[in-house]
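A.B. asks: What follows is the residue order along each chain.
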Amino acid sequence: MATTTTPTTKGFVGKRVRRTEDPRLITGTATYVDDVTRPGMLYAAVLRSPYASARISSISIEKAASLPGVSAVYTGEDVKAVGPVPCAGSMPTLRVPHHKILAQDRVYYVGHPVAAVVAIDRYVAQDAVDQIEVEYEPTECVADPEKALESDAVRVHPEYDDNVAFTFHAEGGDTDAAFAAADVVVSERVTVPRLAPSPMETRGVVAEYDEGTEELLVYSSTQIPHLLKTQLAVQLSLPENHVRVIAPEVGGGFGSKCNVWAEEALTCFAAMDLKQPIKWIENRRESINVVAHGRGHVDHLEMAASKDGTITALRFKILQDIGGHHQLLTPIIPTLAVIMIPGLYKIKNFTADLTGVFTNLPPTDLYRGAGRPEATYVLERVVDKLADKLEMDPAELRLKNFPAADEFPFETATGLSYDSGDYAKAFNIALENVGYDSFLKKQEKARSKGRLLGLGISTYGEVCAFGPSPALPAGGWESATVRVEATGKVTVMSGASPHGQGGETAYSQLAADALGVPMEDVVVIHGDTGKVHWGVGTFGSRGTAIGGTAVHLALEDIVAKGKKYAAHILNASLDSIQFNQGIFSSNEVEEKLTFQELALEAAVAQKLPPDTEPGLSATRFFEPPNFAFPFGAHICTVEVDGDTGQVEILRYIAVDDIGNVINPMLVDGQLHGGVAQGLGPAFLEEVVFSEDGQLLTGTFMDYAIPKAKDMPWIESERTVTPSPVNPLGAKGVGEAGTIGSLPAFVNAVVDALSHMGVEHIDIPMTPQKVWNLINERSQS
Amino acid sequence: MQRAIKVTVNGKEYEREVEPRMLLVHFLREELGLTGTHIGCETTVCGACTVMLEGHTVKSCTVLAVQANGKNLETIESVASDGDLHPIQEGFWNEHGLQCGFCTPGMIMSVKQLLGDNPNPSRDEIRHAIEGNLCRCTGYQHIVKSVESAAKAMVQE
Ligand code: FES
Ligand code: FES
Chain A
0 MATTTTPTTK
10 GFVGKRVRRT
20 EDPRLITGTA
30 TYVDDVTRPG
40 MLYAAVLRSP
50 YASARISSIS
60 IEKAASLPGV
70 SAVYTGEDVK
80 AVGPVPCAGS
90 MPTLRVPHHK
100 ILAQDRVYYV
110 GHPVAAVVAI
120 DRYVAQDAVD
130 QIEVEYEPTE
140 CVADPEKALE
150 SDAVRVHPEY
160 DDNVAFTFHA
170 EGGDTDAAFA
180 AADVVVSERV
190 TVPRLAPSPM
200 ETRGVVAEYD
210 EGTEELLVYS
220 STQIPHLLKT
230 QLAVQLSLPE
240 NHVRVIAPEV
250 GGGFGSKCNV
260 WAEEALTCFA
270 AMDLKQPIKW
280 IENRRESINV
290 VAHGRGHVDH
300 LEMAASKDGT
310 ITALRFKILQ
320 DIGGHHQLLT
330 PIIPTLAVIM
340 IPGLYKIKNF
350 TADLTGVFTN
360 LPPTDLYRGA
370 GRPEATYVLE
380 RVVDKLADKL
390 EMDPAELRLK
400 NFPAADEFPF
410 ETATGLSYDS
420 GDYAKAFNIA
430 LENVGYDSFL
440 KKQEKARSKG
450 RLLGLGISTY
460 GEVCAFGPSP
470 ALPAGGWESA
480 TVRVEATGKV
490 TVMSGASPHG
500 QGGETAYSQL
510 AADALGVPME
520 DVVVIHGDTG
530 KVHWGVGTFG
540 SRGTAIGGTA
550 VHLALEDIVA
560 KGKKYAAHIL
570 NASLDSIQFN
580 QGIFSSNEVE
590 EKLTFQELAL
600 EAAVAQKLPP
610 DTEPGLSATR
620 FFEPPNFAFP
630 FGAHICTVEV
640 DGDTGQVEIL
650 RYIAVDDIGN
660 VINPMLVDGQ
670 LHGGVAQGLG
680 PAFLEEVVFS
690 EDGQLLTGTF
700 MDYAIPKAKD
710 MPWIESERTV
720 TPSPVNPLGA
730 KGVGEAGTIG
740 SLPAFVNAVV
750 DALSHMGVEH
760 IDIPMTPQKV
770 WNLINERSQS
Chain B
0 MQRAIKVTVN
10 GKEYEREVEP
20 RMLLVHFLRE
30 ELGLTGTHIG
40 CETTVCGACT
50 VMLEGHTVKS
60 CTVLAVQANG
70 KNLETIESVA
80 SDGDLHPIQE
90 GFWNEHGLQC
100 GFCTPGMIMS
110 VKQLLGDNPN
120 PSRDEIRHAI
130 EGNLCRCTGY
140 QHIVKSVESA
150 AKAMVQE
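Chains as they are written, first to last, in numbering that gives the first Met the number 0: chain A, 0 to 779; chain B, 0 to 156.
So that you can see chain A by itself, here it is in the shape it has in the complex (with noise of 0.2 Å):
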């Protein structure tokens, strides 16, 4: 059984303590932002375009407007001078077309933002958008990023002379001759559909301008309040320091909500024009439509080897779906795949080409794992099939290829430097929990029976706890601001912007250690400009390394200036200033002083030290060195039915290694999450358009994500390799799980099925899909 300490004992840091958070999420009186009311509040409701490419004849909007209620209706026109929608990617192959906030003469994909509508209730809005007439000119479009590439293709911006959005080009060693040398060369294509992150709650804004302070007032669900200031401002040209932005309590993001939208900027326009509040919310169809899909990839992985399992190069190649315009890190997020495809093998050549491609469909971006699930996906197929090939051991021969664990930092073909790691440790732990050999000989037994078992490995490694600066176009810092009460209690603001991560129990749970206070008398403000004034945000899993490590260091900060402070009240010599529980003492004095009396002190500045402010706050920013690198095995063995295709998942191993754990509580919450997003794609989630681009799966009953039956109990255990990269040792856990887990499914089914000659199955690996392939090999 889990125990959960109450938070009022010393000692927090790495233990099972319940969250803070919680009160309020559970007896529903935490605010989201379709929950934040305004007076005079008007609705925003978005016209979105059913063609998937077409030029736009005319608008009108004169039924629409004279609805009662209705108090503007926007057109392209209207909003022309606003910024475009911003795209931080830089490579100089780029193109990117223009993004204005609604579609100016041309769609390019279904859903694209036509015209708004900003009424007197949601219902209004609605009926409102109905009433548009907008003429469109349909035109050809391609909806499949291969075919997008083909020479007699239609183009998607008739400005470009191909759909080619960029081309990146990376290596590294000399693969051409290892590939010549080689004793086995194996290889797989294969497709990673796109995905509907799907947070639970989903997008919304509200805005308000202030006529007379001339702040604008954003609330925005998202993952990046302070990013997303910045880009406002220039977007509706307005000083920064006149908008305010607050992501409320955030239900969900997973990279989705890392993003600026046009729907932001809109509200906010709209706002401002109207001079009353406005609140967006997106309705499901439209989250599952156009929130930037993850993944839509066709990846192509040959691997070159030596007879004795030796791994010697990679040869990769990424065809990514960039839909009809990119979104704010569209085109970097598939890099992550080029940087981390030798996974946690030392492969010393590679070579991988990737090619961003334009077609007249959603745009794609950051999606939980972000480009590392895609590599590591097509990595561990290719192992299993050169183990297939060499007829050896898939564990042994990845075993034979990890660094030993004093071989850190270890350097990889790509040009990164992973931390720290002892990848043999995990992955024997995850073969002993599942009993593999007991398994194999189960599997035959099985077999001769006519019965399908089948078991998967996948070991993983992802680069996380983004990230030095130099490596992320808005900086990879972070900040936290420590500030010490007249009475004791401590506020601690960061810059992050946790959501749903339990970073305030964290936060709370590092400061009541360093400054031996209880947890309550901690609170935790994040995601508020107006409170917070400096942040990056909550992605890419550096929520702990980054985010806890700028509260780690502002509260060495307030210890170090508390003790200066105890010494001259205490009388004593700063180096005998011990801190301890709360107390501050000297063993050359007898008198103490508690951490709330000397809060007391620095705040009312009657006994300062010489060369000493009064007060007792500290602000810190964590600029860190590397990224950190966290690893794992996860094995599935599964049973499928060859009557009906369906795969019952036996067993989930999952032995990850993510550096020191501030509360394994939520560590096992962040993993059980990310195996779900990882698994769902294995076997059920896949965003399906038709031919002509009309999406063909807009609800939860077409676009299936995981329920509570298709989950398998995951049997989740932890080796810890400390982090050298930040003082926390932490690595980050939010993707892990996402990335070690799809591997291990498709692995296993594709086990499941190898007698009958099955080499690889795409995803979704739905009942149907393997049903049929059993059929055909029996037949045949």
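Be careful, since some hints might not be right.
Result set (DSS-like, lysine-lysine): computed pairs, CA atoms no more than 25 Å apart in a straight line [what the hints assert, rightly or not]: (1) K151/B to K14/A; (2) K708/A to K111/B; (3) K274/A to K306/A; (4) K151/B to K111/B; (5) K388/A to K441/A; (6) K99/A to K79/A; (7) K706/A to K5/B; (8) K706/A to K768/A; (9) K316/A to K274/A; (10) K99/A to K316/A; (11) K111/B to K706/A; (12) K274/A to K62/A; (13) K151/B to K708/A; (14) K70/B to K5/B; (15) K70/B to K111/B.
In case anyone wonders, no lab produced these hints; they're calculated from the structure.
Guided by the hints, dock chain B with the ligands onto chain A, whose structure is given.
C.D. replies: What follows is chain B with the ligands alone, placed relative to chain A:
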């Protein structure tokens, strides 16, 4: 055309005029200010809007406010009493049965129904009972544990 309706929500009577097309979930959230009930899909799939109507869970995005006329409703706001958390809420808190919390009010209402009907459910029965409630954050494992721990606490009470 507005219609007058009278409902009892969390023990309190309300009389309002509403448009016949207004969804119950919008009525609760916008007319009564009970924003603990969430909207995740508006199409009866996600369960974020789950409330009790005459003692049975319904998805309030699929009920019109006028259909609730004369009826008795309970929402997440009524689950804790006098500041004391309900054992189900304690269970979710202790076992980390939530992350972003958006699915949680609906989830808790469904669990309330489950434990009312079946005080000692198996893991399979728990998973079955919450199939109409989607959670994108937790992978459900901690929710299952939360329900187990709540069931245990409630049996002991
Ligand atoms: S909002 Fe009612 S079921 Fe999703
Ligand atoms: S806790 Fe986020 S959707 Fe369930």
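A.B. asks: Indicate, hint by hint, whether the structure satisfies it.
C.D. replies: Hint by hint, here is what the structure shows:
1. For the proposed pair K151/B and K14/A, the alpha carbon gap of about 23 Å is at most 25 Å, so the pair holds.
2. Taken as a hint, the K708/A and K111/B pair is honoured in the structure, with Cα atoms around 19 Å apart against an allowance of 25 Å.
3. For the suggested pair K274/A and K306/A, the alpha carbons sit about 72 Å apart, so the restraint of at most 25 Å is broken.
4. Restraint check for K151/B and K111/B: the C-alpha separation of about 13 Å stays at or below 25 Å, so the hint holds.
5. In summary, the hint linking K388/A to K441/A is supported, as the alpha carbons are separated by about 23 Å, within the 25 Å threshold.
6. For the proposed pair K99/A and K79/A, the alpha carbon gap of about 7 Å is at most 25 Å, so the pair holds.
7. Taking the CA atoms of K706/A and K5/B, the gap is near 36 Å; set against the 25 Å cutoff, the hint is violated.
8. A hinted pair counts as satisfied when its Cα atoms are at most 25 Å apart, and K706/A with K768/A qualifies at roughly 20 Å.
9. Our distance criterion of 25 Å between C-alpha atoms is broken by K316/A and K274/A, whose separation comes to about 51 Å.
10. At roughly 32 Å between alpha-carbon atoms, K99/A and K316/A are farther apart than 25 Å, so this suggested pair is violated.
11. For the hint pairing K111/B with K706/A, the CA-to-CA distance comes to about 19 Å; that is within 25 Å, so the pair holds.
12. A hinted pair counts as satisfied when its Cα atoms are at most 25 Å apart, and K274/A with K62/A qualifies at roughly 23 Å.
13. For a cut-off of 25 Å, the pair hint linking K151/B to K708/A stands: about 22 Å separates their Cα positions.
14. Restraint check for K70/B and K5/B: satisfied, since their Cα atoms lie roughly 8 Å apart, inside the 25 Å limit.
15. Straight-line distance between C-alpha atoms of K70/B and K111/B comes to about 19 Å, which keeps the hinted pair within the 25 Å bound.
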